[in-house]
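Quick mapping for you: the protein sequence lines, in order, are chains A and B.
Just so you know, the first sequence maps onto residues 1 to 443 in this note's numbering.
Just so you know, the second sequence maps onto residues 1 to 292 in this note's numbering.
Don't read these hints as lab results, they were simulated from the structure.
Accuracy of the hints is not assured; some may be wrong.
[Unchecked claim] Computed beta-carbon distance windows for the label pairs:
{"id": "1", "chain 1": "B", "residue 1": "34", "chain 2": "A", "residue 2": "92", "range": "33 to 39 Å"}
{"id": "2", "chain 1": "A", "residue 1": "52", "chain 2": "B", "residue 2": "108", "range": "52 to 58 Å"}
{"id": "3", "chain 1": "B", "residue 1": "68", "chain 2": "A", "residue 2": "287", "range": "51 to 57 Å"}
[Claimed, not checked] Cross-link-like lysine to any residue pairs, in silico, SDA-like; alpha carbons within 25 Å at most:
{"id": "4", "chain 1": "A", "residue 1": "193", "chain 2": "B", "residue 2": "37"}
{"id": "5", "chain 1": "A", "residue 1": "137", "chain 2": "A", "residue 2": "289"}
{"id": "6", "chain 1": "A", "residue 1": "289", "chain 2": "B", "residue 2": "133"}
{"id": "7", "chain 1": "A", "residue 1": "405", "chain 2": "B", "residue 2": "75"}
{"id": "8", "chain 1": "A", "residue 1": "414", "chain 2": "B", "residue 2": "62"}
{"id": "9", "chain 1": "A", "residue 1": "391", "chain 2": "B", "residue 2": "61"}
{"id": "10", "chain 1": "A", "residue 1": "198", "chain 2": "B", "residue 2": "132"}
{"id": "11", "chain 1": "A", "residue 1": "247", "chain 2": "B", "residue 2": "149"}
{"id": "12", "chain 1": "A", "residue 1": "182", "chain 2": "A", "residue 2": "198"}
{"id": "13", "chain 1": "A", "residue 1": "405", "chain 2": "B", "residue 2": "155"}
{"id": "14", "chain 1": "A", "residue 1": "283", "chain 2": "B", "residue 2": "112"}
{"id": "15", "chain 1": "A", "residue 1": "345", "chain 2": "A", "residue 2": "294"}
For clarity, every value in this text was computed on a predicted model and none was experimentally measured.
All residues carry an ideal CB built from backbone N, CA and C; glycine is no exception.
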Amino acid sequence: MGYEAISKTIAIIITIIVIVAIAGGAYWWYTSTQQQQQVTITWASTQLVPPQEQAFVKGELLPPFTQETGIKVEFVGLSYDELNTRLQSEMQSGKVTIDLIGELHGGIDYFASQGWIEDLSKFPALSGRTFPDVLEKYSHIHGIKAYVPWMTATYVMVVNKKAWDYLPPGLTKEDVMKGTDKWTYDALLAWAKNLYEKTGGPKLGFPAGPNGLFVRFLHGYLYPSFTGAQVKNFNSTDAVAMWQYLKELWKYVVPESTTYDAMADPLLRGDVWIAWDHTARIKDAIEQKPDQFDVVPVPRGPKGRGFILVVVGLAIPKGAPHEDAAWKLIDYLTRPETQVKVLEKVGFFPTVKEASAKVPAGPLQVLAKGVIAQESTSDALVALIPSLGAKGGDFKQIYLTAFEKIVLNNEDIKSTLDSLYPQLINLFQSQNLPLPPPDQPVG
Amino acid sequence: MDSEEIPFMVKIEKYIPYLLLMPALLYMIFFIGYPLVQAVGLAFFENGQFTTANLDYLLYSPLSKFWDALKYTLLLAAVIIPIQVSVAFAIALLMNVPFKGHNLAVYSVILPLTISDVAAGLIWYVMLSPNGFFNKLLVSAGIISEPVRFFGAANRDMEFLAIVITEVWRATAIVFVILFAGLQMISREYYEAAEVFGATTWQRFRYIVFPMLLPSLQAALIIRTLFAFQIFGVVWTLAGRDIPVLAGEAYYEQTQLHHPGVASLYALIIALISVLIGYIYTKLFKARYLEA
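Chain B extracted, bound-state conformation:
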């Protein structure tokens, strides 16, 4: 009996890794692979025939806002991400030092994270509108006589600024959380050792904090950048289509213009950019561990 069972176990043993991978694989096929194939199908096929009609529309039609959307999405990412990372980094360093009311401070920093992007957009829209809190404050303080106009196609630069302010307010916290967690994980022993050898603050930052924080920084940057390419709710509520962005255009093409093919194309472009950026970051930030 026993001698029969053992060879069987040995026989199936080599399949066990595949069996264990099955759930993940099935998930990938049904929830990632299939929709992706569908999106390609919607974008490039019509009645079973290959077509570039959607691509032509996207690139050349006067009704399409693709180039503006691409420009503004890149521009927003380029402006917002450095601000968020540096602000979050600064706050994380500050919070790393224990002080009275430390916990309260940490909670209040991450509070905006609990608010949805559309709600955040609405809050800032109301605050910055001509009769809003911000303008009323400045007018009654005598700093300005006319309200500052943040919104409308005629004020695109100010709209851009409003989006940057709202995004920094809303989403810096996620970067902070990741960096703060990374900082907390650095063992005190390293600092103590550095102190023993008489390292300056800068040296401690340069040779301990920064290298050990690289993996967290990488994670934060990847998440933030990918989110930046999906930016939508905030832009939509603050600037409508005055400042077109890729995700917004995908939504608009789908819901208002009934162009599912073009909307899929936008989705594919966002996916492509995301994959590319993920690849670049992983190459760029190869974590160097101190205990290598």
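Extracted from the complex, chain A is given alone in its bound form:
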């Protein structure tokens, strides 16, 4: 009796196991053949390469795309040099494996100049998204539509709300927030002076520490605003006037600025009330105390409102094995909701205007509003960071040396600039590189 019952149980268990095994095997066979039919595209990117950001790309950004289209994406994070070498060898051997490139404007500019990039105007239009004129203009290089703008970053000013009480006569909060004609570098000087005199100490700050990005303010903001160019007017009379201005302004700058690498901490400590820095480096302050700060466009100078725009584009190499699938990914990555997701996770700003309406209220909206206000000013004079590769360090050091000698050590302006100018020009000439915009407009 007992023996029979046991054998019955065993029979049932064996039957269940057999059924599960057959069903599982069938499922495995089905999915594996499905996978064979599935397209896998290779996306090589120099952006979002740090481990945390890659985890976001692979774990959050790409799965919805694969679900929607059935296209699998292999994300390959590379340095610029690695991408350049790989692309070059693939082009030479005629065996292209990269389907999509994510790179800064400067890099794609170079690839396009070598004839490695597909003209994207042959693809259908991306409906429901508007790219700002500035970005649209810069994506057309070497006679082709070289890339679709994917992400941007820039450097803006942050104002502690307490500073609004010390605006100089003739300047309103509205002027500053919107970046009107009245929001000039002279107005900034008057404001900083007013703050200095009425609060008992300097309140304007810059990230001029050894890892700070102050050098970008020099070559990408002050130089274009005062001389109309980043490089070619380095020792012009306009440049001399600019340095005189900076010497005057520096009297009202927090002296600790030469030790600041990022402005979030000094802003939060209250040591600095008006700061300039990269959006990623002030994000912390605004996230911690969104009610305390406003993000505003930079002032304008005699030649316009110079500012640096970091543009990351998506390009398709010539001969890419899955062009159409790559275009689908471009379509997905430039959707407003995808762009907002990227902003929330990694702090790069959207390149489509429709995305700004979708940024949730809070610190990110404070930032996004400032960035968009700056990009939309009518006198915008966009400066792009030159792609000098390993020589980029020397480029920065020349501007920093000028700053140290002229502003910190009070050396003669004209002779300092004259002595550094040949070194600066040589950087571009020795590598046969064009000067970066706005010195030489792209088109």
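Given the coordinates of chain A, assemble chain B onto it according to the supplied hints.
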């Protein structure tokens, strides 16, 4: 059988010392020799050709801060080391006398040793900043009306002071540990003997403590001086490049300017100075033992 084995052992016996030295030698070759050769190669050769371009840049380019870095590194070592040694010496003598809570006192003295240089720099940066603890204390006590500004290129002297304060706070403990250990090793019998002969405190210090402490002092000085030439984290966090130092410039040239040749040159210069100082100290402090 036996008669065959013994000559073999004798034969290899003379190689045994070399065999025993092998691990150390291999270590020296791979981890010291090879990188050193690499550094020389990076500094003086480009595409297989000898070049002085890096040296020229280091010495003459307006973009290089070598002379300032050398000046400040020497100056910092000259100011910090005497303070640290005398302070550590004083504390060690004090701690050598037993008292209640002695162990607790020793631990608290060596506590800063557990904190990394960058962290120590950050702690003092926050304390000495215009809105920091130090300034707030002085302002609210009515001693000053305006905060003392310790940082920024315009206040280089104060930055220098801040570095000295932080370094003394952070690294005096290592000197203390070495000197204290040295003091503890001096046998009580010497003191007792001195007492019997009626030696004064000064005489005891002059003829027992000081000579017997010389080897420890030498070790402490060598370690401290070598560290002084590698000073980096504290300066970097407190003063950035307002006060350039050799190790900081090596780092900056490598990471920000992408000049590996120049960075190697800095490394070689630091190594050269270190070797020189080690040599001088060993010559200068030949330990004289009482039981010679």
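query: Hint by hint, which ones does the structure fall short of?
result: 2, 3, 4, 5, 14
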